[in-house]
Amino acid sequence: MTAAGRDDGDVTDEATPTRASSGRRLRLVVAGVLTVAIVLLVGVALGRLSSPNPVTPGTDSVEAGFSRDMQVHHEQAVQMAMMVRDRTDDPDVRSLAYDLALTQSQQAGQMYAWLELWRVPQAPSEPTMTWMTRPTLDGDYGSHHMTGDGGAGGSATPVATHEPGGRMPGLATDEQLASLDAARGVEAERIFLTLMIAHHEGGIEMADAILARSEVPQVRAFASGMVQTQQSEVEAMQAMLAERG
Amino acid sequence: MASSDKPTDKPTVKQQRDARRQEKVAELKRQQARAKRNRTIGIVTASVAGAAVVALVVTFVVTSGQPRQDPQAIEVDGVKTYSDLTANHVGGTVDYAMTPPAGGDHNQVWLNCGVYTEPVPNENAVHDLEHGAVWFTYDPEQVSESEIEALRDFAPDTYAVVSPYEGLDSPMYVSAWGAQLPFSNVADDEATVSDFVTKYWKSTNAPEPGAPCTGGVDGTGKIA
Chain A
1 MTAAGRDDGD
11 VTDEATPTRA
21 SSGRRLRLVV
31 AGVLTVAIVL
41 LVGVALGRLS
51 SPNPVTPGTD
61 SVEAGFSRDM
71 QVHHEQAVQM
81 AMMVRDRTDD
91 PDVRSLAYDL
101 ALTQSQQAGQ
111 MYAWLELWRV
121 PQAPSEPTMT
131 WMTRPTLDGD
141 YGSHHMTGDG
151 GAGGSATPVA
161 THEPGGRMPG
171 LATDEQLASL
181 DAARGVEAER
191 IFLTLMIAHH
201 EGGIEMADAI
211 LARSEVPQVR
221 AFASGMVQTQ
231 QSEVEAMQAM
241 LAERG
Chain B
246 MASSDKPTDK
256 PTVKQQRDAR
266 RQEKVAELKR
276 QQARAKRNRT
286 IGIVTASVAG
296 AAVVALVVTF
306 VVTSGQPRQD
316 PQAIEVDGVK
326 TYSDLTANHV
336 GGTVDYAMTP
346 PAGGDHNQVW
356 LNCGVYTEPV
366 PNENAVHDLE
376 HGAVWFTYDP
386 EQVSESEIEA
396 LRDFAPDTYA
406 VVSPYEGLDS
416 PMYVSAWGAQ
426 LPFSNVADDE
436 ATVSDFVTKY
446 WKSTNAPEPG
456 APCTGGVDGT
466 GKIA
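First to last, the sequence lines map onto chains A and B. Just so it is clear: in the first sequence, position 12 is 12 by the numbering used here, and no numbers are missing. Add 245 to a position in the second sequence, counting from 1, and you land on the number used in the numbering used here.
Incorrect hints may have been included.
[As the list claims (entries may be wrong)] What follows is a list of derived Cβ distance ranges for each label pair:
1) G323/B with V30/A: 18 to 24 Å
2) R119/A with T344/B: 32 to 38 Å
3) S95/A with G336/B: 43 to 49 Å
4) T449/B with S21/A: 56 to 62 Å
5) T290/B with V44/A: 51 to 57 Å
6) Q238/A with T344/B: 33 to 39 Å
7) D181/A with A456/B: 18 to 24 Å
8) T344/B with P135/A: 34 to 40 Å
[Claimed, not checked] Residues of chain B clear of chain A, computed beta-carbon distances all greater than 12 Å:
9) Q261
10) G295
11) D315
12) G323
13) K325
14) H334
15) V335
16) Q387
17) D402
18) G423
19) D433
20) K444
21) T449
22) G464
23) I468
[Stated by the list, open to error] Some, not all, of what chain A presents toward chain B, calculated at C-beta under 10 Å:
24) T35
25) L102
26) S224
Hints were generated in silico from the structure; no laboratory data involved. A quick note: this is a predicted structure, and the numbers were derived from the prediction, not measured. By construction, the Cβ of each residue, glycine as well, lies at the ideal position given by its N, Cα and C atoms.
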């Protein structure tokens, strides 16, 4: 017993320092790796949080919803502009329509490209207009529209409640498109101007809605530009419509 | 000096052995205490580091926004795909490699997208596929009126054509440029057909996605 105990003691005396030092080395390596990993993570996190565009919108984001719906909205504006160019010789309306079609076609392409770069489908992930029912940046649910933004935006629609799957503001109906399709000359110009004024006002309402909900710089710059140019075009078209009685 | 005065106090061999043993025991206890302390430090450090890593990962997930859904990563159950399709503008009829056509040469004028009650010309409809539209076809012999109605409701409002197509080997088909899916009806196959639309509607798989689907030619029986 004693001999065995002493043997054990000897073994311990010799082995313990080796085991202890290898354990210490392992701990040092683990601590080192952890330190490096944490420093890297903190660095990347800080960089990410402080970068100007930290968030890539996902498929259910307000930005993706806006980009999909506004493409559809713009496509119809292009369609109507191309239609009126075939139905009147008036140079003012024709050049307005030319400008409008190419501008909105280019803008639809921008929104298409955003969705591609965000790697989300072009196809809606939820019903049309759902994004407009989402809370605004200051936490309101669409009260933005109820509190008389209509004055500044010139929106004639007092109905502010948008429902998921609802019709986009300003979008012409099939019947309205058919009436433009059937008309010629000044009549076609009048129908076009009337429809396009409403179309722009609806577009402005949607652009205001994304400005109230998104912090993504590209989207904000785009929407701000849209509000400004379409507002001035609304005024120009109102004058043109007045000239045509 | 005191010890030399008391030689009788000199430890016996047994006492010496006991002393050595006690020393050894004490040394062992010190080692155990040190190991225990080191272990405690290690556990605390590892826990703190682990918590920090978890917190950072959570931060990443939260700041990386909503979930992405890469359309290219969607696998559509039962889809047939076709590569190396030609896309020339040709006059007359085209003999397509598949029925209904899912891409290939086509008429220079595209079909206006929408809902049709009569069969539409292949050559115009294929031009729509080139522009990123999807084309829903159903065999009138194999589907009910309510199934047709459900299909019309399901189809996207833009960049979609719905039309009858006689002699299909499946009650319904949805086709895009280079891809097509046979199915029975929307009610039974909604998940798969939705996947198809999510992946292929206006997708970059088509040569010219976003090119017009209006301002072309109407087929007969356009109701929407």
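We went through each hint and held it up to the structure:
The hint said 18 to 24 Å for the Cβ distance between G323/B and V30/A, and at roughly 50 Å that hint is violated. Between R119/A and T344/B the C-beta distance comes to about 33 Å, which sits within the given range of 32 to 38 Å. A C-beta distance of roughly 34 Å is found between S95/A and G336/B, which places it outside the suggested range of 43 to 49 Å. Judged by the Cβ atoms, the range 56 to 62 Å given for T449/B and S21/A holds: they are separated by roughly 60 Å.
For the hinted restraint 51 to 57 Å between T290/B and V44/A, the CB-CB distance of approximately 22 Å leaves it violated. In this structure the supplied range 33 to 39 Å is violated for Q238/A paired with T344/B, their Cβ-Cβ distance being about 52 Å. Under the hint 18 to 24 Å, the C-beta atoms of D181/A and A456/B, about 21 Å apart, fit the expected range. The given range of 34 to 40 Å is broken by T344/B and P135/A, whose C-beta atoms sit roughly 49 Å from each other.
Listed as a non-interface residue, Q261/B keeps its Cβ farther than 12 Å from every Cβ of chain A; the least gap is roughly 15 Å. Non-interface call for G295/B relative to chain A: violated, since the shortest CB-CB distance, roughly 9 Å, does not exceed 12 Å. A Cβ of chain A approaches the Cβ of D315/B within 12 Å, the least distance being about 5 Å, so the stated non-interface status is violated. For G323/B, the condition that its CB be more than 12 Å from all CB atoms of chain A holds, with the nearest at approximately 19 Å.
No beta-carbon of chain A comes within 12 Å of the beta-carbon of K325/B; the shortest separation is about 20 Å. For H334/B, the non-interface assignment is confirmed: its Cβ lies about 20 Å from the closest Cβ of chain A, beyond the 12 Å cut-off. Here V335/B stays apart from chain A, with its beta-carbon at least about 25 Å from theirs, past the 12 Å limit. With 12 Å as the threshold on Cβ separation, the claim that Q387/B sits away from chain A holds: the shortest Cβ distance comes to roughly 26 Å.
Not every CB of chain A lies more than 12 Å from the CB of D402/B, the least distance being 7 Å, so the non-interface label is violated. At the 12 Å boundary, the C-beta of G423/B stays outside the reach of chain A, the nearest C-beta of that chain being 16 Å off. Every C-beta of chain A lies more than 12 Å from that of D433/B, the closest at about 21 Å, which supports listing it as non-interface. The non-interface label for K444/B is inconsistent with chain A: the shortest C-beta to C-beta separation is roughly 7 Å, within 12 Å.
Distance check for T449/B against chain A: the nearest CB is about 6 Å away, which does not clear 12 Å, and the non-interface claim fails. For G464/B, the non-interface assignment is confirmed: its Cβ lies about 16 Å from the closest Cβ of chain A, beyond the 12 Å cut-off. Residue placement check: I468/B does not keep its beta carbon more than 12 Å from all beta carbons of chain A (closest about 10 Å). Because the closest C-beta pair between T35/A and chain B is about 8 Å apart, less than 10 Å, the hint holds.
Violation of the interface hint for L102/A is found here, the shortest Cβ-Cβ separation to chain B being roughly 13 Å, above the 10 Å cut-off. A distance limit of 10 Å between C-beta atoms decides the matter here; for S224/A the minimum to chain B is near 22 Å, and the interface restraint is violated.
The structure fails hints 1, 3, 5, 6, 8, 10, 11, 17, 20, 21, 23, 25 and 26 (numbered hints given earlier, in ascending order).
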